[in-house]
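K.L.:
Since chain A is already given, all that's left is putting chain B on it; use the hints.
There are 2 protein chains.
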Amino acid sequence: MSQHNSIFFTPGPAALFPTVEDHYREAFRQNLGSISHRSSTFRKIYQHTVEQLRELLNIPTSHAILFTGSATEIWERVLMNTVEHESFHLVNGSFSKKFFEFSKELHKFANAFQKPFGEGFDASEITVPEYAELICCTANETSSGVQMRASEIHKLKKANKNKFVIVDMVSSAPYTNLDYSLVDSAMFSVQKAFGMPAGLGVWIANEAMLTKSEQIKKNEGIVGTYHSLPSLWENYLSYETPETPNVMAIYVLGKVAEDLNKIGIENIRKDTDKKASMLYDFAKKSDQFDIFVENESHRSATVVVLNCKDLAGELIDRLKNQTGMVVGAGYGKMKETQIRIANFPAVDVNQVQTLIDNLKK
Amino acid sequence: MSQHNSIFFTPGPAALFPTVEDHYREAFRQNLGSISHRSSTFRKIYQHTVEQLRELLNIPTSHAILFTGSATEIWERVLMNTVEHESFHLVNGSFSKKFFEFSKELHKFANAFQKPFGEGFDASEITVPEYAELICCTANETSSGVQMRASEIHKLKKANKNKFVIVDMVSSAPYTNLDYSLVDSAMFSVQKAFGMPAGLGVWIANEAMLTKSEQIKKNEGIVGTYHSLPSLWENYLSYETPETPNVMAIYVLGKVAEDLNKIGIENIRKDTDKKASMLYDFAKKSDQFDIFVENESHRSATVVVLNCKDLAGELIDRLKNQTGMVVGAGYGKMKETQIRIANFPAVDVNQVQTLIDNLKK
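Residue numbers (the working numbering), protein chains in the order written: chain A, 1 to 361; chain B, 1 to 361.
Since the hints were derived computationally from the structure, they do not count as laboratory data. Values in this document were obtained by computation on a predicted structure and should not be read as measured data. From the three backbone atoms N, C-alpha and C, an ideal C-beta is built for every residue, glycine too. Be aware that a few hints might be false.
As the list claims (entries may be wrong) - Pairwise CB distance ranges (calculated):
no.	chain 1	residue 1	chain 2	residue 2	range
1	A	Q322	B	R29	15 to 25 Å
2	A	S238	B	K262	41 to 51 Å
3	A	E51	B	K333	26 to 36 Å
In isolation and in its complexed conformation, chain A is listed as follows (with noise of 0.2 Å):
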């Protein structure tokens, strides 16, 4: 089967939300390859985009919506504009530890509560050292199929007010329900449930953050440059970029927002939530699979890991060159013995349902 009748099923980059190539093919009619990122076309399809998120993800206007090369990038650029000293890091897996990692990396006093690979945090067993400025949560840990529950991060904000709390939300946006009353700032890449190609960093953030960055500058810090978030912010204030950024994919986000928001967010958490349990049910009754996070409440629905009595490799290749049907590898050290399988948007109950009986054969 050739690959471009695959259907991916892969955590990121995943399979292309169903709209988005007209969207492509669109913006290239309108020679958005072309504009000025200085020009009025520019500034309302990047206010175009914003609303469409905040409508989406029930993001208040306290929060500005700024765009960055990557989720990566927001890692660093988060530590460097609102890190004075201390970050505080849940890790529970290769990317909240590559986070923790970061902050190392800028000379920053970088805390750490780990816990194992397929375990998740609740808030009432964290500790929050005194001096943290920053508690970095990650929504859905894209390794090992582990999510921390909104609620959680809530309640985590309400015990320590007077932190800045940051949620990775790479593989969870739109699915988590965020309380942005309750979370200073939040960041994903578009290249997972967006369902687009990569290329784009969508970076959440409040006014308290903006004014810690500032402070932090006057206090002689470097926070960056073009990106540091008094930059990014007060450009975003006239809906512009401090850089040529990637109009195109800030286009089609706001389209597929758009696509999602006439769906409806409750329609889609619904829907990835059935999903989930479909594939959850299937790996419960399997005898060729277990569900590899043990703790139900801390079991992502974004991302779901499920353990392999076979070679997942050998299972991954067959399924591909049989089915046209490509699920993700167990990440580093859990590549023969887990696949990792998407749940996002792009994918229906029916490609799931097919995907499950191919499964059991």
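P.N.:
Coordinates of chain B only, in the frame set by chain A:
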């Protein structure tokens, strides 16, 4: 005239190279929006793009070719990674000035030799401060249409062999013919002469720069995280990137470079010179326009800046509405007195002639 019939002579984002949309279509057909940046498919794409750029720009294997989100990002990264204390900047326009200001924002001791807007630099008049570690040249000041000739950049390096030279060739690559035995680093973005949508920066850097970055890190300096030179370089060795990059743009850049190689770099340069001569000759004879850059050897071949007798804004609007041809406004304060005409490979001799005919009216 509707926008999609426009011909863009804007200096960036600019006219798309004629093959670009087809390359994007092929990228979608190959599912490049869904592939992993750790897959062999991606590694082959990165390698192909590197090979085509090496051929086009005559880049030896002593220099790595690295990808960032924008050229603006590379200003920041090169300063963080190769300047422990002091940088030196040739400043004669808005973009070279921003590069200089980035150095100050990063708390480096930033020296500058400044010239008025519209003037250029020759090596013989430049004294580089003794402790400067990095000399920052701009091959083409997009804001003023002033070039620094490659031969002058080479002379500067010969006179300062113990210092790094970086060339900002954002709006001049692939026209600028650099000798990489005399240039440590160069950078550009894809939305100028490569005629692609924005969202990718290309950083060419040699091994001496990597060594310097590792030294700074060892001396407790901060060189950044995922996009530090050591991190980019380590990934580059296996044709990978630290984060999920703009995969589609990396693919399309390789394809456009391949298209340009088929035309041949010497033909592209000759063609650029011919079109530049047509534009400057027209302005010389015109009573409506003057050439802005007085010194002929500093006049840009790739961005032609003309003083207008009439209001530039009205001229630009009239031209756009009556002919669909879009020229750039003067930069900043020059908005109403100048026009800027990009002379990139995406526009051909006939189109330039038609533009001249329209400007005559």
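K.L.:
Would you mind marking each hint as holding or not holding in the structure?
P.N.:
Against the structure, the hints come out as follows:
Our hint of 15 to 25 Å for Q322 (chain A) and R29 (chain B) holds, since their Cβ atoms are close to 22 Å apart. At about 42 Å, the CB distance of S238 (chain A) to K262 (chain B) agrees with the hint of 41 to 51 Å. A hinted range of 26 to 36 Å for the beta carbons of E51 (chain A) and K333 (chain B) is consistent with their spacing of about 33 Å.
Hint compliance for this structure: no hint is broken.
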